[in-house]
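Asker: Sequence:
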Amino acid sequence: MNTRNEAPSLFRADILRGAVVASLAKLDPRTQLRNPVMFAVYLGSILTTLLGARALSDGSGESAAFILGIALWLWATVMFANFAEAIAEGHGKAQAASMRKSRTEVTARRLIDLGTRQTADVPATELRVGDLVLVRAGDVIPADGEAVEGVASVDESAVTGESAPVVRESGGDRSAVTGGTRIISDWLVVRVTTLPGQSFLDRMIAMVEGAKRQKTPNEIALAILLAALTLVFLLVVVTLRPFSAYSVEASGQGQPVSLTVLVALLVCLAPTTIGALLSAIGIAGMNRLSRSNVVAMSGRAVEAAGDVDVLLLDKTGTITLGNRQATRFVAAEGVIERDLAECAQLASLADETPEGRSVLVVAKSQYGLRGRDLEQIKPHFVPFSAKTRMSGVNLDGQQIRKGAAEAVEAHVRTLGGEFPESVRRTVREIAQAGGTPLVVSRDAQVLGVIELKDIVKGGIKERFVELRRMGIKTVMITGDNPLTAAAIAAEAGVDDYLAEATPEAKLALIREYQQGGRLVAMTGDGTNDAPALAQADVAVAMNTGTQAAKEAGNMVDLDSNPTKLIEIVHVGKQLLMTRGALTTFSIANDVAKYFAILPAAFASTYPALKSLDVMGLSTPANAILAAVVFNALVIVALVPLALKGVRYRPVGAAQLLRTNLLVYGLGGLVVPFVGIKAIDLLLSLVTG
1 MNTRNEAPSL FRADILRGAV VASLAKLDPR TQLRNPVMFA VYLGSILTTL
51 LGARALSDGS GESAAFILGI ALWLWATVMF ANFAEAIAEG HGKAQAASMR
101 KSRTEVTARR LIDLGTRQTA DVPATELRVG DLVLVRAGDV IPADGEAVEG
151 VASVDESAVT GESAPVVRES GGDRSAVTGG TRIISDWLVV RVTTLPGQSF
201 LDRMIAMVEG AKRQKTPNEI ALAILLAALT LVFLLVVVTL RPFSAYSVEA
251 SGQGQPVSLT VLVALLVCLA PTTIGALLSA IGIAGMNRLS RSNVVAMSGR
301 AVEAAGDVDV LLLDKTGTIT LGNRQATRFV AAEGVIERDL AECAQLASLA
351 DETPEGRSVL VVAKSQYGLR GRDLEQIKPH FVPFSAKTRM SGVNLDGQQI
401 RKGAAEAVEA HVRTLGGEFP ESVRRTVREI AQAGGTPLVV SRDAQVLGVI
451 ELKDIVKGGI KERFVELRRM GIKTVMITGD NPLTAAAIAA EAGVDDYLAE
501 ATPEAKLALI REYQQGGRLV AMTGDGTNDA PALAQADVAV AMNTGTQAAK
551 EAGNMVDLDS NPTKLIEIVH VGKQLLMTRG ALTTFSIAND VAKYFAILPA
601 AFASTYPALK SLDVMGLSTP ANAILAAVVF NALVIVALVP LALKGVRYRP
651 VGAAQLLRTN LLVYGLGGLV VPFVGIKAID LLLSLVTG
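For the record, in the sequence shown the residue sitting at position 587 is 587 according to my numbering, with numbers rising by one throughout.
A few of these clues could be false.
Quick list of in silico lysine-lysine cross-link-like pairs, PhoX-like style, CA-CA up to 20 Å [said to hold, decoys possible]:
(1) Lys-364 / Lys-387
(2) Lys-473 / Lys-461
(3) Lys-677 / Lys-610
Simulated from the structure, these hints should not be mistaken for laboratory data.
Since the model is a prediction, treat every value here as computed from it, not as a measurement.
Could you put the whole structure together from the sequences, leaning on the hints where they help?
Answerer: Dropping the structure here:
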């Protein structure tokens with residue numbers, strides 16, 4: 001099963017049905033109390049409903065139709081807010097449902113005696129941390145753990161969606177295994193590291209559903225601000241009642257403002273739009289991340305990704321393709337390049353490493369040399385060894401070798417040959433440029449040099465330019481020497497690099513940036529990365545990495561693609577932009593509602609306020625109802641934007657602020673004037 005989900009339709013029928021039911025369930029006062037802004041609307045809905053019922057029963061005071069109309073739209077406001085949150089959760093649950101299908105009831109072979117391999121079959125749910133289980137070809141791994149014996153090919157498509165199997169073996173950085181994946185060949189002894197119900201897949205499902213979602217510090221701060229504004233407006237509205245009554249008594253004319261109008265005024269004054277959508281924005285941000293096959297351990301990590309200003313990126317597999325590739329042949333003086341290419345090809349025929357394969361590719365593409373019939377030429381291959389630091393082939397009485405310059409030089413000298421100064425110069429130039437030189441010889445003659453280079457990924461330099469425009473500094477982490485690191489950093493376009501990186505050096509670098517007030521993100525997959533991952537503000541562990549790395553990180557990339565860090569930053573920034581944009585819109589559209597409802601609310605008490613009725617609304621009752629209706633409808637109209645997120649573009653903070661104010665600030669001012677006037681016209685037609 002592939003956990004990478006396409007973004008489901010925003011209004012898919014099954015998600016809509018579930019969201020409607022969930023919206024009703026969220027009318028529980030305990031649920032409403034978690035959102036102070038909407039709780040005020042909730043209480044206003046109850047109060048106006050009771051006032052409407054009283055008006056129906058005794059027929060006194062305000063029109064029952066007006067009061068119940070206000071009550072109906074206040075309930076609609078509450079329901080729309082519930083719906084926004086429920087539909088965001090519904091998208092997460094739809095993703096989690098597809099993940100849950102991958103879980104099956106598994107019987108585990110728990111080892112009773114490791115020496116004799118005696119096992120007892122038990123349900124996987126009965127396994128405990130520390131238990132050893134034997135998993136053979138065809139078996140499903142019953143729980144998250146670490147391989148302590150054996151080596152096997154594992155199908156991890158149930159977690160990552162990648163069809164290509166991966167190798168898992170005891171020791172090193174490839175020992176972590178995930179429950180629910182399947183052994184394809186050979187066997188493993190796995191030590192269980194998680195309790196039933198707490199596996200990686202279980203945590204992933206819980207996070208996608210939002211069950212463990214925590215509010216981020218910025219979200220909490222915004223919620224406190226919204227609650228404080230609501231409280232201030234509540235105090236203002238409460239004091240308006242006695243002031244209105246006093247004015248009427250003093251002037252001897254008019255009517256004091258009613259409780260229904262005061263409730264409507266409070267709802268329109270309070271920042272209900274962003275209050276209703278705040279939770280949905282956060283949940284939708286986590287859903288977007290999960291669709292990228294990244295599991296965040298908390299909402300804080302997602303938001304922190306949006307504030308990151310330093311990215312630490314591994315060189316190998318992130319900035320470069322991961323394996324050095326042959327790029328060219330440099331022949332020694334007096335040697336024809338084609339002769340060098342032929343010998344390099346022969347020396348690499350049995351070399352199954354990516355470097356060896358790349359030599360064959362260059363020989364074919366640049367010189368037209370094709371594969372050889374090994375049965376016909378009957379070569380004797382000499383495998384590479386750490387002792388000789390060479391490999392090659394003996395053919396037709398000739399000794400062809402390929403290897404490190406020092407090793408080939410020693411080999412040639414034992415055969416009575418010399419190492420040309422031109423070749424020595426070429427070796428030095430390649431090394432200084434950040435490449436790896438391999439020298440090729442035939443018997444006692446040095447033929448030339450193969451240049452191996454780290455190939456920088458296509459398009460990565462442009463990505464770093466984007467990040468720089470966003471104010472994010474990129475730092476390449478590599479174990480290479482400073483000379484090689486500098487060459488690759490310059491070619492890739494990163495801002496800085498850390499060469500000969502050790503776990504201590506990575507940790508010190510992160511702390512140095514953090515002490516300067518920077519937020520740092522990094523990726524890692526090995527146990528040696530765990531200290532730095534634990535220190536980083538955003539720490540993305542690779543799913544193929546060790547258990548220690550996963551536990552140290554606050555995100556796990558199921559695809560184990562280190563460049564995903566850039567995508568994670570985009571999602572985090574989109575979340576922050578969406579929240580900022582809708583907050584700007586919410587505050588701006590309140591201004592228009594003031595012009596609609598204030599003159600209407602106090603038309604009889606303070607006739608001078610009629611001059612503020614710039615929209616020329618038909619009647620005070622229609623003006624108040626139009627403002628309340630618009631207040632409700634704008635929430636549901638913005639649900640798609642809250643779920644999809646504001647389109648993110650990598651621009652500077654100043655330009656982003658200008659765009660935000662122009663589009664959502666000005667839009668928030670203009671749209672309500674148009675909307676409220678249109679609703680007022682409709683109400684006039686309906687009421688005659």
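Asker: Each of the hints needs a verdict: does it hold here or not?
Answerer: How the hints compare with the structure:
no.	hint	result
1	Lys-364 / Lys-387	violated, 30 Å
2	Lys-473 / Lys-461	holds, 13 Å
3	Lys-677 / Lys-610	holds, 16 Å
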